[in-house]
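Student: Please work from the sequences and hints to get the whole structure.
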Amino acid sequence: MKKVTSFDDFQKQIQGTDRAFLLLYKEGSDLCNCAIRNIGEALQENNDDIKLFAADVTHVRDIHPRYQVTSVPTLLVFEKGELQNMVKGCQETGFYRGIFSQAVYLAKAKASGKEPKRVTVYSTPTCPWCNTLKTWLRKNGIPFTDIDVSRDEQAARELVRRSGQQGVPQTDINGQIVVGFNQQKLKELLEI
Numbered sequence: 001m002k003k004v005t006s007f008d009d010f011q012k013q014i015q016g017t018d019r020a021f022l023l024l025y026k027e028g029s030d031l032c033n034c035a036i037r038n039i040g041e042a043l044q045e046n047n048d049d050i051k052l053f054a055a056d057v058t059h060v061r062d063i064h065p066r067y068q069v070t071s072v073p074t075l076l077v078f079e080k081g082e083l084q085n086m087v088k089g090c091q092e093t094g095f096y097r098g099i100f101s102q103a104v105y106l107a108k109a110k111a112s113g114k115e116p117k118r119v120t121v122y123s124t125p126t127c128p129w130c131n132t133l134k135t136w137l138r139k140n141g142i143p144f145t146d147i148d149v150s151r152d153e154q155a156a157r158e159l160v161r162r163s164g165q166q167g168v169p170q171t172d173i174n175g176q177i178v179v180g181f182n183q184q185k186l187k188e189l190l191e192i
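So the sequence shown is residues 1 to 192, counted in this note's numbering.
Among these hints, one or two may not hold up.
As a list, the in silico DSSO-like pairs of lysine-lysine whose alpha-carbon atoms are at most 27 angstroms apart [what the hints assert, rightly or not]:
#	residue 1	residue 2
1	K134	K12
2	K3	K26
3	K2	K26
4	K12	K80
No lab work stands behind these hints: they were computed from the structure.
Tutor: In structure tokens, the structure reads:
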């Protein structure tokens, strides 16, 4: 985590980067210390590939007003210098790991000249094959959106309409549906 001293300093640091993160925090705050600790743990695997900056709002006073940040800790996610997302509070290490691994996946896909895949997994919490599929995707470094169809009735109806199947897991990869945990088909569509 590299500290920045001002908004201008931060802008110079992220110039020319595809994706960067800025943690706004306040030194001495338990919640901020929690976020810093969990982010540090999440970065242990992908430290070199992540552009992560930090600013203590008690010393750096010109960043948080520009982005209407009113509480800390807040992790700001930037793409090509533009703010895309804000994550407020202290999150679990796995949550931060997911954000950072997605950044690494997108960077590697771009470097290899491939378009990153949009992956959505339709699952339920009690489905063992769903958990196996999600573990397999994580192991292969594939970021995905997980939709719990037991809680989202509209998503469940849309899934049946698209695939003709009610069972889970189902995986949408750039608009193509894979029913079940068919590794061969998944590898083919994900190009791994």
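Student: So, for every hint listed, does it hold in this structure?
Tutor: Results of checking the hints against the structure:
1. Pair hint K134 plus K12 does not hold up; C-alpha atoms about 38 angstroms apart against a cutoff of 27 angstroms.
2. A threshold of 27 angstroms between alpha carbons decides the hint, and for K3 with K26 the separation of about 13 angstroms falls inside it, so the pair holds.
3. With a CA separation close to 15 angstroms, the supplied pair K2 and K26 stays within the 27 angstroms bound.
4. With a C-alpha separation of about 12 angstroms, the suggested pairing of K12 with K80 holds against the 27 angstroms cut-off.
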